[in-house]
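Novice: Residue strings, one per chain:
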Amino acid sequence: MSEVVKVENLGKKYIIGHQKQRYGDSLRDAMTHTARSIWQRIRHPLSPNRESIDLEELWALKDINFEVQQGERLGIIGPNGAGKSTLLKVLSRITEPTTGKVRIKGRVSSLLEVGTGFHPELTGRENIFLNGAVLGMKKQEIKAKFDEIVAFAELERFLDTPVKRYSSGMYVRLAFAVAAHLEPEILIVDEVLAVGDAQFQKKCLGKMDDVAQEGRTVLFVSHNMQAVKQLCRIGILLKNGSIAYNGMATKAVEEYLHNDGASTSLSNLSHVIASLPADPVFKFENIKITQKGLSVDIVENGKPLEIAVQYEVFERTMGLRVYFDLCDTDKTILFRSFHDEDNNGIPTVEPGRYLSKALIPKDFLAPRNYELRIQSTIYNVRVFEPKEGICIKFNVARTGMSNRSYLSEPIKGKLAPFIKWKTSKTI
Amino acid sequence: MNEIVIEPNKNLKQVWQELWSYRDLFYFLAWRDILVRYKQTVIGIAWSVIRPLMSMIILTVIFGRLAKLPSEGVPYPIMVCAAMLPWQFFANTINLSSNSLVSNRGMITKIYFPRIIMPTSGMVVSLIDFLLAFGILFCLMLWYGYWPTWKVIVLPFLLLLAALASLGVGYWVSALNVKYRDFRHLVPFVIQFGLYVSPVGFSSNVVPGKWKLAYSLNPMVGVIDGFRWALLGKKVGLYLPGFLLSIGIVVLIFLSGVWFFTKTERGFADII
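As you go down the protein sequences, you meet chains A and B in turn. Counting from 1, one number per residue, gives the positions in the first sequence under our numbering. Counting from 428, one number per residue, gives the positions in the second sequence under our numbering.
These are computed hints drawn from the structure, not numbers from a lab. Keep in mind that a hint or two might mislead.
[As the list claims (entries may be wrong)] In silico lysine-lysine, DSSO-like type, Cα no more than 30 Å apart, as pairs:
{"no.": "1", "chain 1": "A", "residue 1": "251", "chain 2": "A", "residue 2": "6"}
{"no.": "2", "chain 1": "A", "residue 1": "101", "chain 2": "B", "residue 2": "606"}
{"no.": "3", "chain 1": "B", "residue 1": "606", "chain 2": "A", "residue 2": "13"}
Since this is a predicted model, take the numbers as computed values, not measurements.
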């Protein structure tokens, strides 16, 4: 085994311009701007360059060091904006690094998008050749695999139709088929597998597994934690452009899910609660969202989610209820649950401090974004501030049981309860 | 196993090596551009003959019939046609290559290949057009009973000269176009202008003697004069100092174009 990818001190800097607000990016603007600044220079040769103040440097990647051995499968994970895509772009040579060096031994194919280079006017047959060449296949190779690709895409009848007349499903199938028949020594894959229908995704994940079995190296970026765990042996966690963890894939996933990021919405509740207006009857004291007693950044749907609300009641009140809405990101309520649901008749709450806990069972949430709105009310009288509820946004990662045999298939629906099925042979 | 090193800079030798290893892609991109050029048109590839034919007729009428400019003793249409072919080759290449990067934005941001392939493939497309349009000249010569001499054997060299000139300009403009889209508007205008500045509709002998050398600073003057000299037989001479100056300019444009393109190409994906 030898290392096929070696990354040393890699950094990528972008200049983001407030500059653009001052002068646009057309040649005329650049020329007048340059002329003006030269004139400034001549008039005040010693004054500091005022232009540089308006430029801001953004290091999308900084001090990245890692190695990948031949035949290894590396998963790259991290929150949005951590630099995953930039890293892949540098590794696939689309954009150049600002600092550092990358050494890659072997033929690289990068799949940052399927169907790159497809031309709508060309027929399916022509596009197979074109796309194959774009992905780095030689002409002979494409010829040899042509029949296989066509069979994989199941598009024999439409081979001589321009792809602009294809349905979007057909288009994606054809694009995938070409990509799936790549045989590089090193394969770099972005989230491309997230599009396309489920059956196809499974085919592709399987294909990637085969690729790695044959001693090829795979670098894989994904938000699907299960897929990363299943497919990759080693993993890198990126955060703000730097490597936060480098080691086993399962560890990297754990690290990502259990990170105590102070800035996230889940752990920043006390501030919101402290700023609520005072009410003579009711006061929120604390809200905690935990999984197995630990506060989390990202909720795993393989573990139950505990919502603990601490509050104080100052007056004896009939029908005082604490409740939460689980909402979709577009504020549709998926369901509402009250703290006193298992009572007969309307209970009366005595003054005092309370702690109400709700448990959302495991294998119930879907891997997606949710909003939790925690509220309190007096039945038929009024709703306490804040009227729209204390809103907590969170993200669920897929670690649960539902549909676990088909991991490549995205979970459909806003919830993913694990329903018990019983199937028996009737004849 | 070949090793790729990704560093902030690469040298010229690496550029050529890479270009060679991506020759299959070059072939397919040129092939795509040729296939796509006349898709969904009624008369298809005939366009590559009709356009130069129409331009030739118009220029012949304006300069030959109305302005009554001298024609070096050869039929005016033949004289115009011998210049029109390399000129259209030059203009088409610049047109195609200058927009090639911007119109293939998707590929540039998603996949790696030596970017210089893109503008170069535009040249291949106009080369096909050129060869087809050559049929017009052939027919004209047949019609007027005009036979070229042994000098036609230098035509490939002259064609290469036109190719290098157009590629040089194409590399400059396509790279600049990535950042400054102004060139998209500037290029068609300058090309149209160039048709009248270059000796396409008239003979370069119209230009007074003392300005001749300066006129050859326009690289297409050398190319067009060369074409006429090679095709039109004994009657047309070649002004050698001007021709050599044009060759020098062409080489300069081409090399500086390659230099500028490779210097800027790695930043394309970030700013396109």
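Novice: Please go over all the hints and tell whether each is borne out by the structure.
Specialist: Hints versus structure:
For the suggested pair residue 251(A) and residue 6(A), the alpha carbons sit about 22 Å apart, so the restraint of at most 30 Å is met. With a CA separation close to 26 Å, the supplied pair residue 101(A) and residue 606(B) stays within the 30 Å bound. The straight-line distance between the Cα atoms of residue 606(B) and residue 13(A) is roughly 18 Å, inside the 30 Å bound, and the hint therefore holds.
Going down the numbered hints, you'll see the structure goes against none, and every one checks out.
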